[in-house]
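S.K.: Sequence:
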Amino acid sequence: CHFDVADLRDASFQQCQLAMANFSNANCYGIEFRACDLKGANFSRTNFAHQVSNRMYFCSAFISG
Numbered sequence: 001c002h003f004d005v006a007d008l009r010d011a012s013f014q015q016c017q018l019a020m021a022n023f024s025n026a027n028c029y030g031i032e033f034r035a036c037d038l039k040g041a042n043f044s045r046t047n048f049a050h051q052v053s054n055r056m057y058f059c060s061a062f063i064s065g
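Note that full-length UniProt numbering gives residue 57 to position 57 of the sequence shown, counting from 1, and the numbers run on in steps of one.
Incorrect hints may appear among the rest.
[Stated by the list, open to error] Distance ranges between label pairs, derived from CB positions: (1) S24 <-> M56: 35 to 43 Å; (2) R55 <-> C16: 30 to 38 Å; (3) C1 <-> N54: 31 to 39 Å; (4) F58 <-> N25: 17 to 25 Å; (5) A19 <-> M56: 34 to 42 Å; (6) A35 <-> R9: 16 to 24 Å.
Derived by calculation from the structure, the hints in this document are not laboratory data.
All values derive from a computational prediction rather than experimental measurement.
Note that beta-carbon positions come from the ideal geometry of N, C-alpha and C, so glycine has one too.
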């Protein structure tokens with residue numbers, strides 16, 4: 001699966017086969033992975049943060065196996 005450069009803010013994946021998936025450069029703030037297979041998934045340069053001011057960021061992701 002290729003999710004590179006995708007906007008996945010607040011997306012939810014449940015019991016998904018995502019082994020070797022590419023999430024590079026994706027916007028994943030608030031993403032949720034519940035009981036997913038993420039073996040070998042590429043999260044390089046993936047953004048899990050949301051800028052709320054010049055000097056403040058919120059970060060959010062939920063990953064369970």
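S.K.: Indicate, hint by hint, whether the structure satisfies it.
M.R.: Tested hints:
{"no.": "1", "hint": "S24 <-> M56: 35 to 43 Å", "in the structure": "violated (25 Å)"}
{"no.": "2", "hint": "R55 <-> C16: 30 to 38 Å", "in the structure": "holds (36 Å)"}
{"no.": "3", "hint": "C1 <-> N54: 31 to 39 Å", "in the structure": "holds (35 Å)"}
{"no.": "4", "hint": "F58 <-> N25: 17 to 25 Å", "in the structure": "holds (20 Å)"}
{"no.": "5", "hint": "A19 <-> M56: 34 to 42 Å", "in the structure": "holds (35 Å)"}
{"no.": "6", "hint": "A35 <-> R9: 16 to 24 Å", "in the structure": "holds (21 Å)"}
The structure fails to meet hint 1 from the earlier list, while all remaining hints are met.
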